[in-house]
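Undergrad: Read off the chains here:
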Amino acid sequence: MMRHRILILPAIMLLVALQATGTHAQGDRQNDDRRQAAKFGWGFDLDKAKKLARKNDRPLMIVLRCVP
Amino acid sequence: MLVRLPQLEGIDLNRFQFDYDLTMMVFFLGPDGQVYGRYGGRDGEDPEARLSLAGLRYAMQAALRTHERSEKTPVAKIVERPKFIRDLVGGRRDCVHCHQINEMQHAALKRQGRWTRDHLWRYPLPDNLGIVLKIDQGDVVERVTRDSPAAKIGIRPGDVIERLAGHPIHSLADAQFALDGAPKSGTLEVVWRHQSKTHRGQLTLSEGWRRTDLSWRRSLQWVVPSARLNGRDLKPQERTSRGLTAKQLAFWEGYPISKEAKAAGVREGDIILGFDGKKLDMTAYQFLSYVRAKYLVDDQVTVDVLRDNKRLKLSMKLR
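Chains A and B, in that order, give the protein sequences.
Using numbering that gives the first Met the number 0, read the first sequence as starting at 0 and increasing by one per residue.
Using numbering that gives the first Met the number 0, read the second sequence as starting at 0 and increasing by one per residue.
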């Protein structure tokens, strides 16, 4: 029983670590994506863009894009 | 103005209605939030086969024309109130993939006892009615399927689809959105232009017209079945001696036999010819994809079997 516990604990820690790494990796990819897109004039705040569009009577192009 | 949204948290799902199994969708909105048009969409074969930069440019130009004309006809469905992801899951979620919204919607319908198989067939392709649109010009007809509802009312290659069910069309995504709201049978109004003359007609929607290949959809893997049969294709001489053609599906059922096939009475060494009496020109490997695309979990099929030169029909439930 003790041996099982010894094995289970590192396994849980490994899973938590992998989960955290995955989340970080996704966050990094999203940040990279934002930096690249911003260089070409893309914004990321829909409410702000809507206000500006109304103020300037401009249409909006909104890209919904999953970043894995 | 350009906006890029990598997450749907905080997005009004009633405003941004699209096929949530897609990984990209473009919306063109007017300054007051009215939807001018959409760009995106895919078929069962390839996620990018129906997309091109020229097609995107074409849809953008159409949106700008709509804006400049101040026609501003909203193509969104009537929206009573905004709906957010938190309304579906009952709380805040940090990161939700688009396809998970479909899963939540199916789950919600099931909880309410309102779910039917009809809810699986979302955003049908115009191909289902015989209209294949050009990739670079999303409202121009590339080809028309013979004897299809489109062919029957006289739509021809080169014609321009102006409206489907009242929705302006400038892209495949616009067409799929318009078709998503169409009934499972009945008729659908189409307005199209042939050369300079505008025509109006009714496309016939026969039962099952919405059915398409679901196997690519992340949200619907729970309804995509496995053939539960597999083996080696018959060699040419093995076919000739049994009167089978060179291309028709015919494979030796191999070991181990799945529990479903065993329950149906399939044995090792049986020759599998397909399902439901259909003569299929394909390999055993292609048959696996065919079943995933054409059938659903819980479908009852007849397995066509050749055993000791006798043809058998065995009933099997797909899982």
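Treat the hints loosely; a few may be bogus.
[To be verified] Short derived list, chain B residues pointing at chain A, Cβ under 7 Å:
id: 1; residue: Met0
id: 2; residue: Pro5
id: 3; residue: Met23
id: 4; residue: Phe26
id: 5; residue: Phe27
id: 6; residue: Leu28
id: 7; residue: Val95
id: 8; residue: His96
id: 9; residue: Gln99
No wet-lab data here; the hints were simulated from the structure.
Think of the CB as a built atom: it goes at the ideal place given N, C-alpha and C, for glycine as much as any other residue.
Undergrad: Each hint should be assessed against the structure and marked as holding or not.
TA: Okay, the hints, checked on the actual structure:
1. Proximity of B/Met0 to chain A holds as hinted, the smallest CB-CB distance being about 5 Å (cut-off 7 Å).
2. Proximity of B/Pro5 to chain A holds as hinted, the smallest CB-CB distance being about 4 Å (cut-off 7 Å).
3. Residue-level restraint check for B/Met23 holds (minimum Cβ-Cβ distance to chain A is 5 Å; threshold 7 Å).
4. A hinted interface residue such as B/Phe26 counts as satisfied when its beta carbon comes closer than 7 Å to some beta carbon of chain A; here the least separation is about 5 Å, so the hint holds.
5. Among the interface hints, the one on B/Phe27 holds; its C-beta lies about 6 Å from the nearest C-beta in chain A, closer than the 7 Å criterion.
6. Interface hint status for B/Leu28: upheld, as the beta-carbon distance to the closest one in chain A is roughly 4 Å, under 7 Å.
7. Interface hint status for B/Val95: violated, as the beta-carbon distance to the closest one in chain A is roughly 10 Å, over 7 Å.
8. With a cut of 7 Å, the hint placing B/His96 at the interface with chain A holds, because the nearest CB-to-CB distance is about 6 Å.
9. For the restraint placing B/Gln99 at the interface with chain A, the shortest Cβ-Cβ distance is roughly 10 Å, beyond the 7 Å limit, so the hint is violated.
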